[in-house]
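There are 2 protein chains.
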Amino acid sequence: MKAKETLKAYIAKIVELTDEQFEYIYSHFKIQTFKKGQVIISEGSMVDCEYFVISGCLKSFYINDELKMFILQFAMPTWWASDFNALYNRTKATTTLDCITDSEILCISNADREKLCKEIHAVEYFFRWRTNKGYVAAQKRLLSFMNNNVKFRYEELLTLYPELYNIVPKNLIAAYLGVSRETLSRLYHT
Amino acid sequence: MKAKETLKAYIAKIVELTDEQFEYIYSHFKIQTFKKGQVIISEGSMVDCEYFVISGCLKSFYINDELKMFILQFAMPTWWASDFNALYNRTKATTTLDCITDSEILCISNADREKLCKEIHAVEYFFRWRTNKGYVAAQKRLLSFMNNNVKFRYEELLTLYPELYNIVPKNLIAAYLGVSRETLSRLYHT
DNA sequence: TTGATCGCGTGACCTACATCACATTCAAAA
DNA sequence: TTTTGAATGTGATGTAGGTCACGCGATCAA
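Residue numbers (the numbering used here), protein chains in the order written: chain A, 154 to 343; chain B, 154 to 343.
Quick caveat, the hints were computed from the structure, so don't treat them as lab data. A hint or two may mislead.
Chain copies aren't distinguished; within one or between two, either way the pair holds.
Said to hold, decoys possible - Derived DSS-like pairs (lysine-lysine); straight-line CA-CA distance at most 25 Å:
no., residue 1, residue 2
1, K221, K304
2, K245, K293
3, K188, K286
4, K323, K188
5, K268, K188
6, K161, K245
7, K245, K166
Being a predicted model, the structure only gives us computed values, none of them experimental.
All chains, please: the whole structure from these sequences, using the hints.
Here it is in structure tokens:
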């Protein structure tokens, strides 16, 4: 029941829906549970769903030719995750999505999302709102990346998302900040 | 007439509209012309509109405490520009939008966009689609920023948008790449 | 209980890029 | 026409952060 309530509360903050509408929408989501370390989307595969986190923590990342990992996004409860590029353009995933901790997530297929958007105007509005938020956040991160040094970006991240501090190991934080784990370590030691 | 046709053709690629629908939508846009160097949105002011470029070229940028400029976005014909963060969150602009060359643009207010989105489902779809595209592009740029050196990013930019090469001075390209103009210059000289 | 792997710290050295300073060219403004 | 100020090139030097190498404790599967 928790998953349903979580999604309902989240959507209700943005758009008003009748209970029947929400039940109908919810019927298109499937709940899934994953263990720490399990892969949800693997690089090179087709992507069919996007995911809404109920509990736990995910990361989406890219690994380059030199096997260096870059984290595009963490996903904590009530955050959305997928390989959106692959999902929208119907191409193969260039990133991997996996679990930092045991996680419970709701998934909805691309086709079902589009169907719901068509059927219910409020759903279309909701997803437009959500992507807007993501777009603005991505722009801000980009700007911070160009403008600020590692220490500032690290502290900014922890101010924005203090939950991460206790859950996400520092080497992954470093991969998110686009910096080596050694440099991150040296910020406060040495 | 060119502005109208340009917008119509652009929207038609994404959603189907009747001529009356388009006329109605178009009636909410205002055409404006600006000279090279003119400011459209200035940092610190309230932002009420977003802009669709018909001709010319814009840049949106941020200036930090040390007076260093970072370019968030260029906008060529058929691209959209604004301070989206300020626009959506009804806060003061943190970025400036101005003209790299003489430009002709269509503007639509936030209120009118929301009104049209409510009135015409297809418009809501259209703007969701557009933001999606922007979001994915921003994620890609972020990843490239973390992963690639200046030379790669410069060539990537010119491959993606060859139009920029002839129009945008190199010091602005440098500000977009997040690198000093000297370093950009030294990529191919020295 | 024991390897083995992971997360983390730390020293030594390297490099991409920044900064500052100055010169040149060229177009716009006066 | 003259002047001003962008836009650009280039040398000298500084520095944030990368890379490599190693150690050490904690956790976890066998």
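Hint check:
no.	hint	verdict
1	K221 - K304	both (21 Å within a copy, 19 Å between copies)
2	K245 - K293	between (27 Å within a copy, 15 Å between copies)
3	K188 - K286	neither (29 Å within a copy, 32 Å between copies)
4	K323 - K188	within (20 Å within a copy, 49 Å between copies)
5	K268 - K188	neither (30 Å within a copy, 45 Å between copies)
6	K161 - K245	neither (31 Å within a copy, 32 Å between copies)
7	K245 - K166	between (33 Å within a copy, 24 Å between copies)
Checked against the numbered hints given earlier, this structure breaks hints 3, 5, 6; the rest are met.
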